[in-house]
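Which chain is which? The protein sequence lines are A and B, in order. Sequential numbering of the first sequence, starting at 1, is according to this note's numbering. Sequential numbering of the second sequence, starting at 1, is according to this note's numbering.
Hints listed in this document are in silico derivations from the structure and should not be mistaken for laboratory results. Please note that the accuracy of each hint is not assured.
[Claimed, not checked] Straight-line distance between alpha carbons at most 20 Å, and here's what the computed SDA-like set of lysine to any residue pairs gives:
1. 141(B) to 87(A)
2. 141(B) to 46(B)
3. 86(A) to 134(B)
4. 141(B) to 83(A)
5. 44(A) to 95(A)
6. 141(B) to 40(B)
7. 44(A) to 197(A)
8. 86(A) to 37(B)
9. 86(A) to 137(B)
10. 44(A) to 222(A)
11. 198(A) to 222(A)
12. 141(B) to 94(A)
13. 86(A) to 36(B)
14. 16(B) to 27(A)
15. 198(A) to 238(A)
16. 86(A) to 30(B)
17. 141(B) to 41(B)
18. 141(B) to 106(A)
19. 141(B) to 120(A)
20. 86(A) to 29(B)
Spelled out from the first residue to the last, the chains are:
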Amino acid sequence: MLRAQSRQDAVSQDDFITVDRVTFGYEPSRTILNDVSARFARGKVTAIMGGSGCGKTTLLRLIGGVYAADRGSIIFDGERVDARDKNLLFRLRRRLGMLFQFGALFTDLTVFENVAFPLREHTNLPESMIRDIVLMKLNAVGLRGAAPLRISEVSGGMARRIALARAIALDPDLIMYDEPFAGLDPISMGVTANLIRKLNDATGATSLIVSHDVQECFMICDYAYLLSSAGRVVAHGTPRELQASDDPEVRQFIRGEPDGPVRFHYPARPVAEEFGVRV
Amino acid sequence: MSPLDLLQALGARALKVFRALGHHAFFFAELIAHLPQALRRFYLVVVQIHAIGNYSLVIIAASGLAVGFVLGLQGYYTLSRYGAAESLGLLVALSLVRELGPVVTALLFAGRAGTSLTAEIGLMKAGEQLAAMEMMAIDPKSRVLAPRFIGGIIAMPLLAAMFSAVGIFGGYVVGVLLIGIDAGQFWSQMQDGVDVFDDVGNGIVKSFVFGVACTFVALYQGYETQATPEGVAQATTRTVVISSLAVLLLDFVLTAVMFSTPR
Chain A
1 MLRAQSRQDA VSQDDFITVD RVTFGYEPSR TILNDVSARF ARGKVTAIMG
51 GSGCGKTTLL RLIGGVYAAD RGSIIFDGER VDARDKNLLF RLRRRLGMLF
101 QFGALFTDLT VFENVAFPLR EHTNLPESMI RDIVLMKLNA VGLRGAAPLR
151 ISEVSGGMAR RIALARAIAL DPDLIMYDEP FAGLDPISMG VTANLIRKLN
201 DATGATSLIV SHDVQECFMI CDYAYLLSSA GRVVAHGTPR ELQASDDPEV
251 RQFIRGEPDG PVRFHYPARP VAEEFGVRV
Chain B
1 MSPLDLLQAL GARALKVFRA LGHHAFFFAE LIAHLPQALR RFYLVVVQIH
51 AIGNYSLVII AASGLAVGFV LGLQGYYTLS RYGAAESLGL LVALSLVREL
101 GPVVTALLFA GRAGTSLTAE IGLMKAGEQL AAMEMMAIDP KSRVLAPRFI
151 GGIIAMPLLA AMFSAVGIFG GYVVGVLLIG IDAGQFWSQM QDGVDVFDDV
201 GNGIVKSFVF GVACTFVALY QGYETQATPE GVAQATTRTV VISSLAVLLL
251 DFVLTAVMFS TPR
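Let the hints inform the model, and build the full structure from the sequences given.
So this is what it looks like as structure tokens:
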């Protein structure tokens, strides 16, 4: 396993995304990401893990150009992501698919229309070809039979898979998954995890998974980054390397221990002082 | 509070107002810039005209009929004092096409279609649908807002025309069928006294302006809402309040410009 402070030369040189010393905060007084550096290898599944509020989703949004980094840079397949350059952003975004935490499906459209949406917006393909592509994508996620359903008629797990089919509709080079396992039952979770791995291998895309589900992530990812609650990269390595780590913070996160370097209690006055009790 | 503090507070308030106005202006300019793209895919606009206009027809028609009834009654009582009850048709028609048609339609539009637009866009934002669209390299202003904007602008004059037509029919029912005014007088005075350009035309211009104002307010509030249930609720309320005030203020300005010079 590599400590965050070390340079990440051991990672493959063929990086699809490079995050270089990025610092970002939604407000000037509160920094979410603190000098974060990471490299996401082409064609691999990389997980970004960490507790709630550590800045995992923010990192995805910075890669997608939703926000501009306060300091540092993000390189997307050789091009620097500039959130102010709308034309550049839209060109880069046409090469990426994103699975949102709750699917973000268009509720006024059917399952079929949701998956067809990016195809209809970005291509001039005839309707017969769009139909075939949509049904193939839905078949890949096991929901070809659900094509005519309305979004209100599908379960949370199905919605996630439909969103996945929509995210891969244009065969993107990069697929970003924001908490793909959150709120899923064990069967749906296993199905989704397998799908992510299989789709990555079948399409050759680069995949980034943001999650705090350790076992599912380790099951399918090639490499993982662990962010601390202070928005720093604590450690990174292969799942095997991270599991073998004796770093207290890494061990606490992977084993789900309630207390350790990451404190269970939010900073507060001593209990005795709070309740006016003399000890 | 010292005079300096007061000045500082006033300055801060003024800056806030100017910043908000500037934000509205930029948003409006962006929306206008996206209109050609929406017009190229006119089927999206047609869907919105149907959603905004067709579903407002019942409330517009019912309100128009009620206003026509009241105008017929009130107009008759007033005009008959001066022996001019035959001019009821003219009074009803002028009141509706110049004033009540565009204004009441716009107020009803703000309550029915405006709130619906704000809530729809706000919930799309809360459900990350707009963010998803952006990540798909699709501009929500072009795909979602612009078609609704054009739909609202087209639907409003049509609804106002419907309101005035049904209102005139209501005036006819009360004046001619119930009170017994001569039908020939009712229609001929209306035909003689209502000018297509000065009265009907100006009414259409008014409802067009109200359409721009109400739809813009509804879309802006929806798009800029905080993505929470409270945020959407507050945005919906603001849509009704701001649209209604804007309509009444614009009506005064437009009336002053259009009808202040005697012919």
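> Which numbered hints are broken by the structure, listed smallest first?
Replying inline: Of the numbered hints, all hold.
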